[in-house]
Every structure is written in structure tokens, then in C-alpha cells.
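Residue numbers (the numbering used here), protein chains in the order written: chain A, 7 to 182; chain H, 483 to 608.
Please keep in mind that the hints were generated in silico from the structure rather than gathered at the bench.
Please note that the accuracy of each hint is not assured.
Listed below are the simulated BS3-like cross-link pairs for lysine-lysine, each with C-alpha atoms no more than 27 Å apart in a straight line [said to hold, decoys possible]: (1) 169(A) <-> 485(H); (2) 527(H) <-> 515(H); (3) 527(H) <-> 169(A); (4) 65(A) <-> 12(A); (5) 65(A) <-> 170(A); (6) 61(A) <-> 169(A).
Rough simulated footprint, nothing fancy, chain H against chain A, three-plus residues with beta-carbon under 8 Å [stated by the list, open to error]: (7) 110-123; (8) 141-147.
Part of the chain A face toward chain H, derived, beta carbon under 10 Å [claimed, not checked]: (9) 105; (10) 150; (11) 151.
For every residue, glycine included, the Cβ atom is placed at its ideal position computed from N, Cα and C.
Okay, here's what each chain looks like letter by letter:
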Amino acid sequence: MRKTNKMIFISLLVSVGLALSVIESAIPLPIAMPGARLGLSNMVVLVTLVVFGFKDGIKVGMLKSTVLMLITGSVSSFIYSISGAILSCVLMHIAYRYFSRIFSLIGVSIVGAAAHNFAQVSVAVMMLSNTRIYSYLPFLLLVSLFSGYFVGLSSTYIVENLKKNFRVLFSRQETI
Amino acid sequence: MTKGDKILVLFIVLLSFLSFAYINRYAFSEQEKFISVQVNGEEIKKILFDQQLVGHTIPVETEFGYNLIEIGDGQVRVIEADCPDKIDVKQGYISRIGETIVCLPNKLVVEIKGESGEDDIDIMNY
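Just chain A, same shape as in the assembly (with noise of 0.2 Å):
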């Protein structure tokens, strides 16, 4: 696999999360809480995690979260989305490369969700300057549980048929 092949193919993953992102913000959530969200995106950085391994992995994220910045125009969640994406992308890497023995791609997933909610509220804690946020990361770790669930069962998925039908991602050690 060449190098322009894989550039094509990271911007691929960034372009599919980004509309993953919008058209999540489209879909309403049966409970009201702010910051919860499906987190559907996080699917595309961790079957970039698992493919190309972890520089392209935190590179999609990054991207993905400066695009969205400029198709939204709202740069506070911006500032969210950041912290979020790379501390999730590292705790996933750790996770998915050290213990993949003990997890699956939805455990991988979950300890992602759970990164990408605490480095949120960590950073509407250092916005606000106030401590007492961090009694909201409770409600948002129980539901980080089943969207980082989902997500890891779909990655599972993904990956699986990338295994199948695309079997040049695999076999890059050689080439690059």
C-alpha cells in the first residue's frame, strides 16, 4: 500500500466521521442531558486505531474535530471535542495495543467513550473554574457505557469486513 493510498484513505475516514457527526447531532436523544451524545464518530477513529495504528489514529481524530469546528462555527465544543479526542485516542491505543488480551474492540470502546466524557468535563471544569462539574461525570460515564457498547459492537464489524474485502489496509508493513 502506497503512501498516497493511505493519505486518500485516511481523509476517507475523516470525511465519513465528520458526516457521522452532523448527522448525529440530528438525531434526538431519548434522555436530556447536555454533553451526552451517541458518540458515532468515535467509530471511524477507532477502526483507524485498529487499521493504521495510533499516529493516524489521534491525526483522524484532531482533524475530524478542527473540520467540524468549521462546519458548525461554534468554537467552545470545539475546545471539547479536542481534549476529548486525543485523550480518548491515547487511552484507547493503551488499551487496545497493551490489553487487547483481556478486552475486545467493546472494551476498547467503552474506555474511550469514558476518556473522551472525563476530559470533557475536566475541561468545562478548567473553563468555569469550578470543581463542582465533576458531580455530573457520574450521569455521563453511565451513559457513555452504551454508547461506547454500540460502537465497539459496529468497529467490530467494520473491521471484520476490512479484513475480508480490503485486505491491502493490512499488509502495509512491507510497503511503507
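Dock chain H against the given chain A, drawing on the hints supplied.
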């Protein structure tokens, strides 16, 4: 779902419930707010809420007039006043940080304040 996943899920559920219980018990106790009684702009009394003070009344007798304040469970009201329109009596209980009862003829302000002043969040926006 492997075994590790299930343990992780259990761990997060336990963690969130435990921290929720902890927060409910300690972080938001009623001790953090107090009643501030001000006459003519000066704070003359500062009362912390306490279970033993429920039903207790405090007379405020100044050169401007007379009011009787009653303390409830985390709330406070004015029950007697010698001002003509008795707006302060009609207002009833106040309980949240930042709420006030004002009696203009007697220059009396009863306010509920928090320990750390302006830390109460008005609104959160994402």
C-alpha cells in the same frame, strides 16, 4: 464481550454509583448556604442552616421598623412586619442561593448566600 469487558463495565457502573452517592452525601450538603440579614445595607446577622434551628424565629427591631424572620428546613421567610403593604410576608419561603426577600419601608434585606459567592452555575451550554 470478553470477560475483561464485563469487568470493565461493572467497574464503571460501580464507580459512577459510588461517586454519585458520595457527591449526594457530602458535596451538596445544606451547610454551604447561609442566611444573611441586612438592614440599611449592612449585614447585621449571618445564620447557618441547622436542623436545630428549624422553626426558630428571629426578631429584627431597628430604627426603621420591626420584622420577624422564621427559619425553616433549608429555607427562610418573614412572618411578621409592621410595614404597610406586607410584601415581604406575602412572598413566603426562599431557599435557593441568590434569592432575596426585601422590605423596602424597613430597609431590610434577607438573602441566602453560598459559601463561595458566585460559584453557582446559571446555565451550561455545549
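Right, here's what the structure says about each hint:
1. At most 27 Å may separate the alpha-carbon atoms for a hinted pair to count; residue 169(A) and residue 485(H) meet this at roughly 24 Å.
2. Annotation: proposed proximity of residue 527(H) to residue 515(H) holds, straight-line Cα distance about 14 Å (limit 27 Å).
3. For the proposed pair residue 527(H) and residue 169(A), the alpha carbon gap of about 73 Å is over 27 Å, so the pair is violated.
4. Distance check on the hinted pair: residue 65(A) and residue 12(A) sit about 13 Å apart at the alpha-carbon level, within 27 Å; holds.
5. Under the criterion of a C-alpha separation no larger than 27 Å, the hint pairing residue 65(A) with residue 170(A) is consistent with the structure, at around 25 Å.
6. Distance restraint check for residue 61(A) and residue 169(A): the Cα-Cα separation of roughly 20 Å lies within the 27 Å cut-off, and the hinted pair is therefore satisfied.
7. Residues of the region 110-123 of chain A with a Cβ under 8 Å from some Cβ of chain H number 6, which satisfies the need for three, so the listed coverage holds.
8. Counting residues of the region 141-147 of chain A whose beta-carbon sits less than 8 Å from any beta-carbon of chain H gives 5, enough to reach three: the coverage restraint holds.
9. At a threshold of 10 Å, the smallest CB-CB gap from residue 105(A) to chain H is about 7 Å, leaving the interface hint in force.
10. At its closest, the beta carbon of residue 150(A) sits 8 Å from a beta carbon of chain H; the interface hint therefore holds under the 10 Å criterion.
11. For residue 151(A), the shortest C-beta to C-beta distance to chain H is roughly 6 Å, which falls under 10 Å, so the interface hint holds.
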